[in-house]
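Student: In case you want the letters, here they are:
There are 2 protein chains.
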Amino acid sequence: MITGNTELIAHIGYPTHSFKAPMIYNPYFEASGIDAVVVPMGCRPEAYPDLLRSLFRLENVRGALITMPHKVATVALLDEASPTVQVAGACNAVKRGADGRLVGDLFDGEGFVRGLRRKGLALEGARALIVGCGGVGSAIAASLAAAGVSRLGLYDIQPQAAEALAARLQAHFPTLSVRLHTRDPQGCDLVVNASPLGMNEGDPLPIDMDRLSAQTFVGEVVMRAEMTAFLAAAQARGCRIQVGADMLFEQIPAYLEFFGYPSTSADHLRALARLSY
Amino acid sequence: MITGNTELIAHIGYPTHSFKAPMIYNPYFEASGIDAVVVPMGCRPEAYPDLLRSLFRLENVRGALITMPHKVATVALLDEASPTVQVAGACNAVKRGADGRLVGDLFDGEGFVRGLRRKGLALEGARALIVGCGGVGSAIAASLAAAGVSRLGLYDIQPQAAEALAARLQAHFPTLSVRLHTRDPQGCDLVVNASPLGMNEGDPLPIDMDRLSAQTFVGEVVMRAEMTAFLAAAQARGCRIQVGADMLFEQIPAYLEFFGYPSTSADHLRALARLSY
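Chain order of the listed sequences is A and B.
If you read the first sequence in the UniProt record's numbering, its first letter stands for residue 1, the second for the next number, and so on.
If you read the second sequence in the UniProt record's numbering, its first letter stands for residue 1, the second for the next number, and so on.
Only chain A is shown next, with the shape it has when bound in the complex:
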């Protein structure tokens, strides 16, 4: 129950209707006796910098979960950015450091990779394709590179987004082979939809499914439904898949530690969560 002593974790993005974090964190906080609550804040880009600064001047704001469309814009607002933030050029977690400094980190890539590993996918030397090079796509790219993939294809409808990500990746991972401006899945061990395609009814699929082999592992970041049209089509072709919610659950223990709360396992969080699809 929320009282005057409850701490806030602001969940900031726009639109908010597909937010899942409140239904994951809040049942865990309640079950664990942690007096905190995640609250959605629907914020348009033009209002975001002022909002973030104002929120962190509040006494009972412990941190913020940042989602689309603010993950990239957040980087410039930080006083202190983790190495992952620097590589990905995106940030999804902010807390107040010493002297009121804003400290940022990025956990979706780590969550995505943890999920793949739990499903038995070997990433060392793998060839991967990421469609969508915004905040979450950049995060996954940074984490896949750190996990040892040998080749990474990057595609975005805004070519310069893919190019900028490639430059940051190659500065940190000089032996990584980066391929730009193709979304052909042939020959890939892993294909990731990190674009918003699938958020809305009738969206086209992110890749040409006829070029997708059953040996390719397919991952998704869209969480509008547990099984998106893209994942259903991949599964129909025989591919192993990772749903968007897996990335979400696997990254939450890292967030909890970052904010300084007692942490737990992704499985425990999933068992407590009150998500309805």
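Think of the hints as simulated: they come from the structure by calculation, not from any bench.
Given the structure is predicted, the values throughout are model-derived calculations rather than measurements.
You may find that some hints are simply not true.
Copies of the same chain look alike in the list, so a pair counts if it works inside one copy or between any two.
Derived pair list, reagent style SDA-like, types lysine to any residue, alpha-carbon separation capped at 25 Å [to be verified]:
id, residue 1, residue 2
1, K95, D50
2, K20, D35
3, K20, Q235
4, K95, L78
For this one, chain A is given, so just place chain B on it according to the hints.
Tutor: Chain B only, in chain A's frame:
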């Protein structure tokens, strides 16, 4: 349960530990199927103007409940102030009007007066004393004047606060007799503690209890405990009393209407509330 579709009512003040509104509104919202939540925001004065403006640029903020120390400062931030706000020089409710305008009103005085009336106190022609002329004291003064009291004593440890309130009152209620700078309760039908005295252990009582008659009705705004030291002392002298929480419950139906939510009775709200003293 909070989801991405939940609307926020920001409850802004500092400190927040004595906030009661979350435990009153939230059980009502839950019981009534209203997808909204009141969340505490501990905001220091220097951070407040930016915070208020930023919050009202959020898509899912329906309104704000304003409490100490921001009720007076809010008036200057409004685009549109109700007559009560103008008289009291204080505001405790803000919503977004047309074109994003900030619209403010003030309900504690109305809540206080409704509570007195329900207890059978006749206010027409009554003589009242208010100790504390900040936001809530000013609100009660405005509502008592509108309810027809004939004489109003105003006392504040900052004399200019009482004087400024007196000037605003007399501009709107020219026949009202205002007495300044005395907190002698003798001869009063009603004495109100609208000061923070009682918020902290060991606070002195707001008036000299030896001068208090059993015929005087005594009201309190402090809600730290159901029965404050002041109310206990008044009751021991035989006075009828009104606890701080009564003002709170009686004003909430007015707030709900102001925000555009389905309203209910103070008794219904009290039955649902999860307050612990």
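Student: One pair to classify: K20 and D35, alpha carbons no more than 25 Å apart. Within, between, both, or neither?
Tutor: Close inside one copy (19 Å) and across copies (16 Å); limit 25 Å.
Student: When no copy is specified for K20 and Q235, does a C-alpha distance of 25 Å or less occur within a copy, between copies, both, or neither?
Tutor: within (24 Å within a copy, 51 Å between copies)
Student: Tell me, please, which holds for K95 and L78 at an alpha-carbon limit of 25 Å: within, between, both or neither?
Tutor: within (10 Å within a copy, 31 Å between copies)
Student: Is it within, between, both, or neither for K95 and D50, if the alpha carbons may be no more than 25 Å apart?
Tutor: Both ways: K95 and D50 sit 16 Å apart in one copy and 19 Å across, limit 25 Å.
Going down the numbered hints, you'll see the structure goes against none, and every one checks out.
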